[in-house]
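First to last, the protein sequences are chains A and B.
The working numbering numbers the first residue of the first sequence as 4 and each following residue consecutively.
The working numbering numbers the first residue of the second sequence as 4 and each following residue consecutively.
Hints listed in this document are in silico derivations from the structure and should not be mistaken for laboratory results.
Bear in mind that the values here come from a model prediction, so they are computed numbers and not experimental data.
Quick reminder that beta carbons are idealized off the backbone N, C-alpha and C, glycines included.
A hint or two may mislead.
Cβ-to-Cβ under 7 Å is the rule here; a few derived chain A residues that face chain B [what the hints assert, rightly or not]:
id, residue
1, T33
2, P268
3, R281
4, I288
5, L336
Simulated coverage check for chain B against chain A, where a stretch passes if three residues somewhere in it have a Cβ under 8 Å from a Cβ of chain A [unchecked claim]:
id, segment
6, 260 to 271
7, 276 to 289
For reference, the chains in residue letters:
Protein chains: 2
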Amino acid sequence: MPSMKQWVLANKPTDLPTVSGPNPTFKLETADVPKPSSSQALVKTLLLSNDPAQRTWIVPDADPNRLYAPPVQVGSPMSSFALAEVVESGSPNDLAVGSLVLAPTNWTEYSVHEIKGLQAIKPIEGLDLGHFLGALGLTALTGYYGIKEVVGATKDDTVVVSGAAGATGSMVVQIAKNIIGCKRVIGIAGTDEKCRWVEKLGADVCINYKKDSFEQDLIKETEGFVEVYFDNVGGSILDLMLTRMKRHGRIAACGTISNYNRPDPVGLKNFFEVVSMRLHIHGFIVLDYIHKFGDVVAELTQAWKEGKIVVDESMQTVVESKFEDIPNTWMKLFEGANTGKLVTKIVA
Amino acid sequence: MPSMKQWVLANKPTDLPTVSGPNPTFKLETADVPKPSSSQALVKTLLLSNDPAQRTWIVPDADPNRLYAPPVQVGSPMSSFALAEVVESGSPNDLAVGSLVLAPTNWTEYSVHEIKGLQAIKPIEGLDLGHFLGALGLTALTGYYGIKEVVGATKDDTVVVSGAAGATGSMVVQIAKNIIGCKRVIGIAGTDEKCRWVEKLGADVCINYKKDSFEQDLIKETEGFVEVYFDNVGGSILDLMLTRMKRHGRIAACGTISNYNRPDPVGLKNFFEVVSMRLHIHGFIVLDYIHKFGDVVAELTQAWKEGKIVVDESMQTVVESKFEDIPNTWMKLFEGANTGKLVTKIVA
């Protein structure tokens, strides 16, 4: 029976995950390549989606009722979404060998899936496959759902987007400014270079949160306060933004990456603003909107063809990695190393 | 010209307000009794409404844009709502001397108001006047608006109410259980005695947050998690409740009294629950619902007459105070000294 490599969870981390030292978070193992049944396909993982949310599935003492994906068990492969190629099909009429699919492959070389649960992908000429994980994938759906449905941004709104150079944020900026036509879009990102890129995507301005002047800069750019905040980061930036919202302002709470590797999260101290300014905060998860995946990708693909949004190499950071380097590449998410979607391209 | 007493703001406090010492928060002064114009009435303050929100109007360095009532200026009378009696009317046909009204009298013996801005009160036989400030007043409107409109509680919901023995909380418990018919109502209060009273009002159970076992008690009583949380207190209880909400749970954010006297508020560390459980948090202020005042008071008065809700002496803590003791009586709010509405009855 052929064997394959897989990365399994070895220890649940309380701070920054590791792949070495006495208590490594992940461990490389060998396993048998699974065999598909007549309703299944065996796929080979080509491109891995790197998502901050994965960090939340490996926390210690997690109550399975409180996570939106099942927690990864110690000894099981690390959960991950990917673009994969069908290498063996239990039902070739339904899904041919060689087809490309989106699938929860986890950090394994090969995996089997029910064919009806797989999302087939048709390559588009001139478009790198990685974008099906980012600008035209689940990440895009996250941004679209959050800004259009969860907080219902309109032309009359000024919108602030944190993590604006990240995979979700960079789509939110474009959807808000170039599709919805929001009055003003203000990005927040971690370097001047990222900020200039976010402005190229359509943001009226982008502020570098690592500068000493960040708080003053944000206050200046949000003079008169803002209607909408799309929060990708939580922590101190969210806390500051609570003080910059207009009365009845709406906040889309998409993630709290700033706290994911902290054993003791930064607490929100400005919560009284929620009362005094009658703020609405809505947490959301893209999975609740997954039934719209096809429609939204079609709409965004059309917007790209019409030149309304950018879907080019600037929208992703593709890292060619040997299978052995998968965790290290994923960890780049927490170093702010990527602009746009961080994609792992598995190479021999 | 006749003179009168008034309490003015002397220093904006960063922690517990004081009336003595080197930097007293409030100062007793003498002023001229104002004279009403032909469109105004002069009223004498009889009963003062004591509200935690007043604390938020005297914070230092407040941005007037961020408060829902104008901040009190140093040297100006402390803001307060009251039940008052008309002692001189510029237009007796519109408002006769001797009428009772609700008015923003502040902490003054006498004050003038535009007649058309005053809410006249008709005493109800068998009902203490104080209830027009509490169970049948603005406090009731706050609870009604929050639980019925802001989070739209229904028969299918389990509802947790903090500050359940307070003026707003005790009305929320009754409205949720006895008017809406919520499946289960869980109160949180600060003594066992208060808890037993909250259960008498209709709560299925009430938990004492000052007990060492509070966290375990709350977890036990919210097994399976809850749909609705009416938050009167903020801080650590809100933080804990974020972990006890069901998916898509709704939180009405009414106030954060637990932080009002802290220079450094307790921060919320469990905000990620808002994302993972898709929570909705809505801050609100009763002033946005003030146009419904008459309707809601009529509905609650009817509910009281039908025996659905309790409006008796247990629903208020009336403290007879000389004018000189007004600040000390107000401060009882922060000692948990009241059950139901804390009303100051001014006596000679």
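Return the numbers of the hints above that this structure violates; sort them in rising order. 1, 5
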